[in-house]
Amino acid sequence: MKNIEFRTATSAQGGLVVMAGVPGVAAGSRVQLRDHAGRIRSGLVIRSADDAVLVEVFEGTDALDLERTWVRFLDEPFRLPLSRDIMGRVFNGAGLPRDGRPPVISADRRDVNGEPLNPAARAYPREFIQTGISAIDGMNSLTRGQKLPIFSGGGLPHNRVAAQIVRQAKLLGEEAAEFVVVFAAFGASHSDARFFQESFEESGVLNKVVMFLNLADEPVIERLLTPRAALTAAEYLAFDLDHHVLVVMTDMTAYAEALREVAVLRGDVPARKGYPGYLYSDLAEIYERAGRIKNRRGSITMIPVLSMPSDDITHPIPDLTGYITEGQIVLGRELANQGVYPPVTVLPSLSRLMKDGVGKNFTREDHPHVASQLFASYAKALEVRGLAAIIGAEELSDADRRTLEFADAFERRFIGQGEDEDRSIHETLNLAWELLSMLPAESLIRVSEEELAKYHRGAA
Amino acid sequence: MGKILEINGPLVKLDLPQTVLGEQVRVGRMGLVGEVIGRDGDTALAQLYEDTAGLRPGEVAEGLGWPLSVELGPGLLGAIFDGVQRPLKAVWEQSGDRIARGVAVPSLPRDKAWHFVPDPRRPAGSVLAGGDVLGTVQETESILHRILTPPLIHGELLELAPEGDYTLDEAIGRVRLADGRIEKLHLFHRWPVRTPRPFRQRDHAVAPLITGQRILDTFYPLLKGGKAAIPGPFGAGKTMLQQQIARWCNAEIVIYVGCGERGNELTDVLEFMPELKDPHTGRPLMERTLLVANTSNMPVVAREASIYVGITLAEYFRDQGYDVVMVADSTSRWAEALREVAGRLGQMPVEEGYPAYLGSRLAAFYERAGRVETFAGDHGSVTLIGAVSPPGGDFSEPVTSHTKEIIQTFWALSKELADARHYPAVDWLESFSGYVKSAAKWWAQEVDPNWESARAEALDLLAASEELQRIVNLVGVEALSSEQRWTLEAAGLIKEGLLQQSATDEVDSFASPEKQYALLAALLDIYRHGMKLVKLGAPARRLIQLPLLAQARRWKSQHKSEDIAELKARIAAIPDSFDPLIQEYTASPSTLREATP
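Keeping their order, the protein sequence lines are chains H and R.
23 is the number of the first residue of the first sequence in our numbering; add one for each residue after it.
1237 is the number of the first residue of the second sequence in our numbering; add one for each residue after it.
It is possible that some hints are incorrect.
Derived pair list, reagent style DSS-like, types lysine-lysine, alpha-carbon separation capped at 27 Å [said to hold, decoys possible]:
hint, chain 1, residue 1, chain 2, residue 2
1, H, Lys377, R, Lys1651
2, R, Lys1249, H, Lys24
3, R, Lys1796, R, Lys1677
4, R, Lys1731, H, Lys316
5, H, Lys476, R, Lys1796
6, H, Lys230, H, Lys192
7, H, Lys377, R, Lys1796
8, R, Lys1731, H, Lys402
9, R, Lys1513, H, Lys316
Because the hints were derived from the structure by calculation, they are not lab data.
Produce the entire structure from the sequences given, and follow the hints as far as they go.
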């Protein structure tokens, strides 16, 4: 069947083509279309019956002449050829080279959809990754094998934060970063892609990066394939070649919008805001490919970047993502406007795996308590700040004024740091104590009395 | 034998006459399994539990003759199953790290022999009815597995095997049914998951489920056999709270259903549980726990089934006379699976794309909870705790609002509390419990007769402080009277010293009912003492400076549940802290002390 060309297209509309009289086509198999101009497009079978086969065309159906379109059914799913040579390469969303170098040739070609990982085979992520960013390390720690997205908004420096993490990420006690990076961009602008490329170049890691790029002006349907191709490569690097892989994907919102576009064409029943009901399952198929596996040395740590439409965290895309990922780092416009970099809004940020990766034996014994105390004190301080905005700072009690000073110092000195500033976890924790010492010891009930005696610098 | 006509996502149209709705089918060369959800003439519509990629029209299909069923017998405890009861550890050994399609592994191990002790009340010739106990197998050190007669069997017992070791494939008895047919009995039997298991009659739920979590047990109690929901936006600590319940609750069996949730969470439970001891028996927690896992990246149809698989397993242990808790995380994912299939079937969506039968399906599911008298005359219960994941944290969405009408205990999680890392982030104003009256009887009998009034007093205090907080937010704390400021302070003391509870702190993680009440009574005592003083004219800011207030906030993590004598001594010493102030504001402190309860 692979070598037969069918010319039986009966209808074409918005990226979908219906083929008649092609019996026995496997669901999910890859398709090659040749149009009258000789241009080759690729597609996927999404519905198969003896009398009609529905094909999704990645490059779209523009300028397609039904009578002069020849279709071959390749009888296999989308596969990505894999070998050690993928390191340092740049591919398009469907896994074809876009760096002008020859395609990767390998007998090892894997279905980009992957197969679900058996929960019994997973190993729980516990190793603390030091990113050198206090707001993350101190309060929302990342662990190896975790999926921790950056929730951001238009105009916020999410790309710079992601690039800083890639540059600085290391395990405690190790000097150089030993991560390899899989970078996937879908719907990203050319300048964003260039920013990352240059950032990788500057830090000299380019030969340890694999890139999959589908830029904003490239076919939308191909975006559905891009993260899958990238993760297939990541799985190969992690679980076949024993690398620790850091996967950075941007922007998940563009992905979800592509999914919605295709769903509407297919006529799927919309759930919220026009997104299909299976958006959750579809996102989960991507995010759940992060992790560690028992008896395997490598790991996949995932940092998806997601811009929240109109900064709304309850929008379906950040909302469903938050239900799947193990926390989120939220960037805020208010801090950014005050010139704080990285503008991490710590209260809605969260790392679910932090509890098992910090503290005694991992970072420092006071870490979990200090983090909890920072959250509590800062939340309290924001309440006071809200009050001060109404009644005026002059009306505040002395204690409240100290709290306000704490909030300012916390934002400027703890959250804020240089783009090249790589703080060790000890520096971060010591800084936290320095700031907490601005508050009276008896108000700090999340830390133990011993820790207070050891680290608090104020008079009790 | 039939054949495939069409493949559309997880739905497959088959040319397969004479199948019954709900029947299991095996489809294609890969042998993928699914169930029939529609019939039209000779055409059957089936939803498959596995990914359909690679299936072709024309491949074979066959009906298996039975509905989706689970195997019930020894070997369940400590296991982890997927949404259609495939044992994931055995699947791992057979097919590797990734779940290959079409793997067929029996749910319960066939090679293991169990030591069966027959029940002496079952001589040959006696009448045997469904639910009767045939004998026992000591499955784990803490759980005695009672081997039950399959529910629909009724007849004369011809023979029951003597004490000895048997595998699941070996018959342990024979029974002659009313129509003369002879049926073999085994250590296990099958039961269709969508049919509730029968029992003799429903009972009243009487005892609270003790979870060791103060905000739950003391403020919004749940009874054994009750139904509860935990709604909350992401990051509000739903999973943590459920794991705390699974860890500490005083049920005999805990069934944890991970329905469309994160793979790492189940790994956490799998790695963590065997290391933990059951606080009530001292045995490893895994011995009383079983997991059903259909993570978010596993096929969606099996996700829909996983909830029913879980509840059927729960009913089976209930029928053995156990108190079972089933935690379903999350029912929203189950509802979404329902929606996804309904969408593909082209059914008319009502709210947010959900089918019209969402409410009735949810209600029917929660109805399977309850405390019952079993056919064997024992009492067993299934307590159902369903997590709800409302989109955007909006409790008015269909799944949350339907669930709210069905359940009796509502543990609402709040994003604001979670953001300030106040855990468990159970909102004390939005939560409710319909079981307070029944629970009060138990607390009065077992712990303290004043439980109900103390609980009410604390809740009033919290509600009053909420009002006051609104004023403070408008005009500042200085505008409050001393009395109001003290109320605010005391409410803060209750929030931080009682409601807030650290899951990671060894001492604080679990609080016995005695400790819960002692803390509650102590904090209220401080409040009342302070109030007396304020009424005597002492300004609230003097009281707020008392070191006692900071100390009392730490009591919860300083005194273990096992030795609350020390805690009680501290409580007895509360008046001492007020003495200097009392002397200042009254002529004769002794009279005041006597007047304070």
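Here is what the structure says about each hint:
1. H:Lys377 <-> R:Lys1651: 19 Å, holds
2. R:Lys1249 <-> H:Lys24: 25 Å, holds
3. R:Lys1796 <-> R:Lys1677: 25 Å, holds
4. R:Lys1731 <-> H:Lys316: 41 Å, violated
5. H:Lys476 <-> R:Lys1796: 25 Å, holds
6. H:Lys230 <-> H:Lys192: With Cα atoms ~15 Å apart, lysine 230 (chain H) and lysine 192 (chain H) stay inside 27 Å; holds.
7. H:Lys377 <-> R:Lys1796: The hint holds at about 22 Å.
8. R:Lys1731 <-> H:Lys402: At roughly 14 Å apart (the allowed maximum being 27 Å), lysine 402 (chain H) and lysine 1731 (chain R) satisfy the hint.
9. R:Lys1513 <-> H:Lys316: Satisfied, since the Cα-Cα distance of roughly 24 Å is no more than 27 Å.
Violation of the numbered hints given earlier is confined to hint 4; every other hint is satisfied by the structure.
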